[in-house]
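Okay, here's what each chain looks like letter by letter:
Protein chains: 2
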Amino acid sequence: MKSHVVWGASNMAHANVYVTLKKDILDPQGEAVKNALHTLGYKNVMDVRVGKYIVLTLENNSENDINAVVEEISKKVLSNPVIEDFSFDIVED
Amino acid sequence: MKSHVVWGASNMAHANVYVTLKKDILDPQGEAVKNALHTLGYKNVMDVRVGKYIVLTLENNSENDINAVVEEISKKVLSNPVIEDFSFDIVED
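Protein chains in written order, with my numbering: chain A, 1 to 93; chain B, 1 to 93.
Hints were generated in silico from the structure; no laboratory data involved.
Certain hints may be false.
One copy or two, either will do: identical chains are not told apart, so a pair holds if it fits within one copy or between any two.
Derived lysine-lysine pairs resembling DSS-like cross-links, with alpha carbons at most 27 Å apart [said to hold, decoys possible]:
no., residue 1, residue 2
1, Lys-76, Lys-52
2, Lys-34, Lys-52
3, Lys-43, Lys-22
4, Lys-23, Lys-52
5, Lys-34, Lys-76
6, Lys-75, Lys-52
7, Lys-22, Lys-34
8, Lys-43, Lys-23
9, Lys-43, Lys-75
10, Lys-52, Lys-22
11, Lys-43, Lys-76
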């Protein structure tokens, strides 16, 4: 029997995914926040857009290309490509 | 009459605010996303946390300390300090 340890081959990674409404899509929630801020006296706030911020913790085993997996998850599950854009960054622990 | 133009004294800035649930607070939405991902075969996703991502567009006039304003807005309006944490970064245009 042989045990084969590859250091750093299986650890954890974090992916931060940012999902935002596309520019031309109305954002009633953002509009409501903007109005609330104006009422509270923050007159220099010109625009507010509310999106989602999702943190994924992934097992970073060498067979998987984390980048490709996170892009696929973002496109298929976390965002609606008709009305939303997404971006992400990956932090390896 | 005198006109006084200070270049760059009044322009726009963007603030990206990230609001997340505190670590010890249960996140049913994140749990649901995680289960959906497992069902779809993404077994290497260990944890999912869903937060908010808010983009503020601010008029950056010199009287206001943008940093202090964004911190105040994040604390008072965009997050619930009992269960949520926030962080932000500011991009001057």
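Results for each hint:
| no. | hint | verdict |
| --- | --- | --- |
| 1 | Lys-76 with Lys-52 | both (15 Å within a copy, 19 Å between copies) |
| 2 | Lys-34 with Lys-52 | both (17 Å within a copy, 16 Å between copies) |
| 3 | Lys-43 with Lys-22 | within (25 Å within a copy, 30 Å between copies) |
| 4 | Lys-23 with Lys-52 | both (15 Å within a copy, 17 Å between copies) |
| 5 | Lys-34 with Lys-76 | between (30 Å within a copy, 13 Å between copies) |
| 6 | Lys-75 with Lys-52 | both (14 Å within a copy, 18 Å between copies) |
| 7 | Lys-22 with Lys-34 | both (18 Å within a copy, 25 Å between copies) |
| 8 | Lys-43 with Lys-23 | within (22 Å within a copy, 33 Å between copies) |
| 9 | Lys-43 with Lys-75 | between (36 Å within a copy, 17 Å between copies) |
| 10 | Lys-52 with Lys-22 | both (13 Å within a copy, 16 Å between copies) |
| 11 | Lys-43 with Lys-76 | between (38 Å within a copy, 15 Å between copies) |
Comparing the model with each earlier hint shows no violations; every hint is respected.
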